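Chains as they are written, first to last, in this note's numbering: chain H, 1 to 326; chain S, 1 to 350.
Treat the hints as calculated values from the structure; they're not laboratory data. Just to be clear, a hint being listed does not mean it is correct.
If the Cβ cut is set under 7 Å, some of the chain S residues that face chain H in the computed set are [to be verified]:
1. Ser165
2. Ser197
3. Ile203
4. Asn204
5. His225
6. Arg229
7. Ala267
8. Pro274
Predicted model only: the values in this text are computed from it and were never measured. For every residue, glycine included, the Cβ atom is placed at its ideal position computed from N, Cα and C.
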Amino acid sequence: MSALLDVRGLTIEYMTTRGAVRAVDDVSFTLQRGETLALVGESGSGKSTVALGLLRLISPSSGRIAAGSVIYNGRDLAKLPEREMRLVRGAEIGTIFQDPAMALNPVHTIGRQIAETMLLHNKATAQDAMDRAIELLRLVGVPAPADRIRQYPHNLSGGMRQRVMIAMALACGPSLLIADEPTTALDVTVQAQVLALIADLKQKLDMAVLLITHDLAVVSSVADRVVVLYGGRIVEQGPVPQVFADPRHPYTKGLLDASDWSDDDGRERLRDIPGAIPSLGNMPTGCAFSPRCPVAIEPCRTVRPRHVEVGRDRTAACLLSAGGLE
Amino acid sequence: MNPILTQSQSDGVILEAKQVTKQFTIGGLLTRNRRIVHALSNVSFSIAAGETVAIVGESGCGKSTLARCLLHLIEPTSGSVMLDGMDASYILSQDPSTFRRAVQIVFQDPYASLNPRRTIGQSLDDPLRIFGMKDRARRWARIIELLRLVGLPGEFAHRYPHELSGGQRQRVAIARALAPNPRVIVCDEAVSALDVSVQAQIINLLRDIQDKINVAYVFITHNLHLVRRIADRVAIMYLGEIVEMVSRNGLLKGVAHPYSRALFSSAPVLNRDPHAKRQVPAPALKGEVPSPIDLPSGCRFHPRCPYRQPLCSTTAPQLQSIQGRDIRCHFAVQMLESGVSLPKPKEYTS
Numbered sequence: 001m002s003a004l005l006d007v008r009g010l011t012i013e014y015m016t017t018r019g020a021v022r023a024v025d026d027v028s029f030t031l032q033r034g035e036t037l038a039l040v041g042e043s044g045s046g047k048s049t050v051a052l053g054l055l056r057l058i059s060p061s062s063g064r065i066a067a068g069s070v071i072y073n074g075r076d077l078a079k080l081p082e083r084e085m086r087l088v089r090g091a092e093i094g095t096i097f098q099d100p101a102m103a104l105n106p107v108h109t110i111g112r113q114i115a116e117t118m119l120l121h122n123k124a125t126a127q128d129a130m131d132r133a134i135e136l137l138r139l140v141g142v143p144a145p146a147d148r149i150r151q152y153p154h155n156l157s158g159g160m161r162q163r164v165m166i167a168m169a170l171a172c173g174p175s176l177l178i179a180d181e182p183t184t185a186l187d188v189t190v191q192a193q194v195l196a197l198i199a200d201l202k203q204k205l206d207m208a209v210l211l212i213t214h215d216l217a218v219v220s221s222v223a224d225r226v227v228v229l230y231g232g233r234i235v236e237q238g239p240v241p242q243v244f245a246d247p248r249h250p251y252t253k254g255l256l257d258a259s260d261w262s263d264d265d266g267r268e269r270l271r272d273i274p275g276a277i278p279s280l281g282n283m284p285t286g287c288a289f290s291p292r293c294p295v296a297i298e299p300c301r302t303v304r305p306r307h308v309e310v311g312r313d314r315t316a317a318c319l320l321s322a323g324g325l326e
Numbered sequence: 001m002n003p004i005l006t007q008s009q010s011d012g013v014i015l016e017a018k019q020v021t022k023q024f025t026i027g028g029l030l031t032r033n034r035r036i037v038h039a040l041s042n043v044s045f046s047i048a049a050g051e052t053v054a055i056v057g058e059s060g061c062g063k064s065t066l067a068r069c070l071l072h073l074i075e076p077t078s079g080s081v082m083l084d085g086m087d088a089s090y091i092l093s094q095d096p097s098t099f100r101r102a103v104q105i106v107f108q109d110p111y112a113s114l115n116p117r118r119t120i121g122q123s124l125d126d127p128l129r130i131f132g133m134k135d136r137a138r139r140w141a142r143i144i145e146l147l148r149l150v151g152l153p154g155e156f157a158h159r160y161p162h163e164l165s166g167g168q169r170q171r172v173a174i175a176r177a178l179a180p181n182p183r184v185i186v187c188d189e190a191v192s193a194l195d196v197s198v199q200a201q202i203i204n205l206l207r208d209i210q211d212k213i214n215v216a217y218v219f220i221t222h223n224l225h226l227v228r229r230i231a232d233r234v235a236i237m238y239l240g241e242i243v244e245m246v247s248r249n250g251l252l253k254g255v256a257h258p259y260s261r262a263l264f265s266s267a268p269v270l271n272r273d274p275h276a277k278r279q280v281p282a283p284a285l286k287g288e289v290p291s292p293i294d295l296p297s298g299c300r301f302h303p304r305c306p307y308r309q310p311l312c313s314t315t316a317p318q319l320q321s322i323q324g325r326d327i328r329c330h331f332a333v334q335m336l337e338s339g340v341s342l343p344k345p346k347e348y349t350s
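Construct the entire structure; sequences and hints are all you get.
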């Protein structure tokens, strides 16, 4: 069976006063039906821009998809006319963002906002849409949903708002849910509730999930596969258990070590990555990670590494990765 | 625990919160519309030289209010903050700079806490000048020294904040806090806004500085992994109260209060074992934190507690010391034995 989503050579540029900068540079990955794929990276890695690009939400005044294709269910979203793209967004692909307070309209009721999605996509009549909104709120675990639909976003807590966002994203039965840092703004006990909810809904509704996050602990508990981004490029991708146990790119290894807070013998130093993340306009030549890389060799500073297979369904873009890192 | 460390800790108390309570009044001009937010209720703890105390809890638990009270940026409604055994409000009324010099803060967002129109050198010069270093050349030498201490080259003094990365800016914020030679630095989510790889750099830096100058840290954070790594003692807060205070060794054995247990078990753990079963942590708590305006009766945690008993909804538990930790729970003894003997309420039994 062909992949649900097949991204090939996606390149996204933003216009700045100093010319075009590449926020996403030749990114390729696939997402199978029913799979959870995590897109991880730190700030400036391009992970959110990938999501915006897939949804074609980059405004023409600030940037553009410069190259590549986004094959979703057999159609190239990168070339779809805007009119048809609007039918994909919200109906076939649902989206939730980090801050539900920003994403909900403060002057409309919860019920109206959930129903609106269905009405726009002609999935229901007005009364049916309201009934379905109540059903969806019940599905995402909002108590007393029949009362909640008449309430406004400010009446709800952060966790409840994120549940409403999820209900909206699910309203038209999408086959792909894009979740951009869905729990970053939430408290840890609420985060556990929302992650469990997404995992549960994914099972029930047979959805694929594209999870965008910086939190590797979250990735290790919910994702099937992982794509690691640095400076707008993929440095490594593969199944989570294998990548996390045996990373083949020095950046993946560094990020895992820095995220690994387990501590056996008291107060040892944390393993950090020296230096800072490069800015987009100022990308190093060769491998983008080479200035911070503990094992870089001379060619790393001039040659841009290509992705090589480093295991079953795994690739890494490092000149040294083929033989393992240790 | 190292007995020498315990000794010096009990002796060398610098800063102490005694029964600190903070209430905010919100609502209309009319008395009948006014409501009281109980942000902090009778919070007590102390910190000694060179010690790191972490304060953890979820949003609305009062941890940032506590940080502001410790600095006397806001006045507690009742209770007091003591510096070297003297009431902070008394010191502030006599000689504000003594208190301000001793207790400094590093905020979460280094983008917001540095003036974009002034160079790093100018920003670092302010505290030195204000705290009485008159000689310009000496101030400049101290600025260079401070930058070195936080791992930045001296030439950064001429740069503007926008020329620096997030991690470098937070280093500058730390340098500024260090300028008056403080004895306590309150770090209010000081690494939360930083990328993971940079977070670790800053934590290592803070530790190195502590080793060099024996400064104490009050670390306000929601990052439970961080707490495990840096804190000598941890206070866990819920709805304005400390529910558990535990030493580093106690933390390694595990937390005991039902809320602490739920909090720590909710944090996903980085799993690097390829054969381990992967799963989302089961949500340990139902519902959400109640409003600090209408506090629950009895124990503030009882409406969400998986171990609650009839007593919990009627009587508020006091903080009691058991096995080297302080716990605010009627059933602390049972909880320390993992709580197995208590019957669970029905929403937690399914």
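Hints, one by one, checked against the model:
Checking S/Ser165 against chain H by beta carbon gives a least distance of about 4 Å; that is within 7 Å, so the hint holds. Because the closest C-beta pair between S/Ser197 and chain H is about 4 Å apart, less than 7 Å, the hint holds. The beta carbon of S/Ile203 comes within 5 Å of a beta carbon in chain H, closer than 7 Å, and the hint placing it at the interface holds. Evaluation of the S/Asn204 hint against chain H yields a held restraint, the C-beta minimum of about 5 Å falling below 7 Å.
Contact between S/His225 and chain H, as hinted, is supported at the beta carbon level, the nearest pair being about 3 Å apart and thus within 7 Å. Because the smallest distance between the Cβ of S/Arg229 and any Cβ of chain H comes to about 6 Å, under 7 Å, the interface hint for this residue holds. Hint status for S/Ala267 relative to chain H: holds, with the closest Cβ pair at about 5 Å, below 7 Å. Restraint check, S/Pro274 versus chain H: the minimum CB separation of about 4 Å is within 7 Å; hint holds.
In terms of the numbered hints stated before, the structure departs from none.
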